[in-house]
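Take 72 as the starting number for the sequence shown in my numbering and just add one per residue.
It is worth saying that the hints were derived from the structure and are not from the lab.
A portion of the hints provided could be inaccurate.
[Stated by the list, open to error] Quick list of the computed label-pair ranges, beta carbon to beta carbon:
#1 Glu-163 / Glu-641: 17 to 27 Å
#2 Asn-126 / Asp-524: 46 to 56 Å
#3 Glu-616 / Gln-134: 22 to 32 Å
#4 Ala-241 / Gly-431: 15 to 25 Å
#5 Pro-203 / Thr-267: 44 to 54 Å
#6 Asp-584 / Asp-517: 42 to 52 Å
#7 Pro-541 / Arg-441: 39 to 49 Å
#8 Gln-141 / Glu-163: 37 to 47 Å
#9 Leu-617 / Arg-526: 40 to 50 Å
#10 Arg-546 / Asp-517: 26 to 36 Å
#11 Ser-576 / Phe-262: 33 to 43 Å
#12 Gly-613 / Asp-406: 18 to 28 Å
#13 Pro-547 / Ala-241: 23 to 33 Å
Even for Gly, the Cβ is constructed at its ideal location relative to N, Cα and C.
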Amino acid sequence: MSTTLLPPHRLSRRGFIKGGAALGIGTAALGLAPAWANPWGQTSSYPKGEESGPNISLAIRRQSVPIAGQPARPITLNGTSPGPLIRLKEGEDVTLRVTNLLDEPTSIHWHGILLPPEMDGVPGVSFAGIMPGETFTYRFPLRQSGTYWYHSHSGLQEQIGHVGPLVIDAAQREPFRYDREHVLLLTDWSFEDPSTIFHNLKAGEGYYNFQERTLGDFIADVGRQGLASTWEARAMWGRMRMSSRDIADVTGATYTYLLNGHSPDDNWTALFRPGETQRLRVINGSAMSYFDVRIPGLEMTVVAADGQPVRPVPVEEFRIGVAETYDVLVTPKDDAAYTIFAESMDRSGFARGTLAPRMGMVAPVPERRRIADRGMEAMGAHEGMDHGSMTGMDHSRMADMDHSRMTGMDHSSMAGMDHAQMDSTVHATGTAMLPVGVAQPGSRLDQPGIGLDARERRVLVYQDLKAIAPWPDRRPPGRELELHLTGNMERYMWSFDGKKFSEVSRPIHFDKDERLRLILVNRTMMEHPIHLHGMWMELENGAGELIPRKHTLNVKPGERLSALITADAEGSWAFHCHLLYHMDAGMFRVVKVA
């Protein structure tokens, strides 16, 4: 389709907060389905039940509501789970009063929003959390527009429904046109308690993986690549005590994948009139799940990434990492239904809805693809890895550190930590999951990721993203900071530079207003969506002056990527992997800008 461009115009979760205000209850009607999942979408007025600014009240509680036809007790916000769409406007000063009706502390983090550190909503950093029965008032100016989301940063509350979409309407005309919009919030729900899931992962990281290789797979590989190569590959994975099908830590074995709070069988429907251009605001608000999104029969045009406009990119499919957002335009011309298909990266399940001119219509649901096997690219093979050097290696001893002493991140024990006293960073050699002898990881920005084939359909890659116009700060970086993403999958421990959060004594230090290059090196066999609070990361993807701004960067296994940062937000900020259980297991740091 053609698009007209216009001129660019975990840490301690315990703390104390004194002085509660009166309880604030929003206007959203109580019930299961979020009101913003109205099938007619956003046109000239806000659908009933949205919470629109600049003054909003939210009440957080546990309620009994069915999910996927079964009894459940999610966390609700103003009576819905996921929470209501919060709709604000760029340039406003907003006030959001959040009342905690739970029997435990809670919080809200406004993901991707630039705001004062005490309003960021991360307990133990610059905010104490919201105690039971208390009300906390968030106040901050809106200096941006686009598609974002909000979620708890307390314990594992994200996993039980404490999430919602956030849209900030632009003060000036956006660089693309559309007739109607729909919010598509992807989440993963489990009827297991999150603490049980975490315990199971600690007991065995493959606990939820029921798609292991079979004898038939081995025979098929022998037919494709020969006995010797197949045997060596299998032996390599065996020596590392890993499975080539460790694609996702938590899978459809326990997850029901939801679209706007609805299971695939619910057939949530977004309505259109043939010939209208629809803006789909796609948000991955899941705890642990990457999704591959496509609408068979429709081309999508990506027009924004993480809330920031980008030059239009026509695609047939895109992978959305945890915490990322993409805005796409589609123009269905036929009087027919189309399936919105969001397949989990490990192919263990999917979320699904329908784009249709009338309610009750359905379209064919694509067959799920087979799970892919991780290959040598996960270990830097594309950088000239010497496979022969791995023969006979003892991969069970790939780390310098004493893992037996890493017993899990104890948030409650860190209530008294004074993060303000952490003034610099220490880089340890750490525990690299890539075997010794493997070449340094390299750029994979032109690759869509495991299980996606660019020859099958046009798939979005990071290299495609270009900003509408150059960003204001054109200075070259004054220094480089390199961080390694590390962990031990067998014991389910995750870290930066070989140290989990409970083992570090200092934050990562940024000088106020400095321009720096952050280099992320993924030494693990898993994808990691890395999120920096309070500041943009400008992804160095080869787009020159038009490199895109993102708040969350997906780093593939064996990948090295970099981003430019302007450290203009004084204060202490969270920096972490947005896979919930990775963060809770230690892949978390504090960045201090001073």
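Okay, the hints, checked on the actual structure:
1. A C-beta distance of roughly 23 Å is found between Glu-163 and Glu-641, which places it inside the suggested range of 17 to 27 Å.
2. Remark: the range hint 46 to 56 Å for Asn-126 to Asp-524 is upheld by a beta-carbon distance near 49 Å.
3. Checked against the given bound of 22 to 32 Å, the beta carbons of Glu-616 and Gln-134, roughly 49 Å apart, lie outside it.
4. Checked against the given bound of 15 to 25 Å, the beta carbons of Ala-241 and Gly-431, roughly 35 Å apart, lie outside it.
5. Taken as a hint, the range 44 to 54 Å is violated for the pair Pro-203 and Thr-267, whose Cβ atoms sit roughly 23 Å apart.
6. Checked against the hint of 42 to 52 Å, the pair Asp-584 and Asp-517 fails, with Cβ atoms roughly 33 Å apart.
7. For Pro-541 paired with Arg-441, a C-beta distance near 43 Å keeps the hint of 39 to 49 Å intact.
8. Between Gln-141 and Glu-163 the CB atoms are about 40 Å apart, so this pair conforms to the stated range of 37 to 47 Å.
9. The beta-carbon spacing between Leu-617 and Arg-526, approximately 27 Å, falls outside the hinted interval of 40 to 50 Å.
10. A beta carbon spacing of about 27 Å between Arg-546 and Asp-517 agrees with the range 26 to 36 Å that was offered as a hint.
11. Evaluation of the 33 to 43 Å hint for Ser-576 and Phe-262 yields a pass: the beta carbon distance comes to about 39 Å.
12. Checked against the hint of 18 to 28 Å, the pair Gly-613 and Asp-406 fails, with Cβ atoms roughly 42 Å apart.
13. Under the hint 23 to 33 Å, the C-beta atoms of Pro-547 and Ala-241, about 30 Å apart, fit the expected range.
Checked against the numbered hints given earlier, the structure breaks hints 3, 4, 5, 6, 9, 12 and satisfies all the rest.
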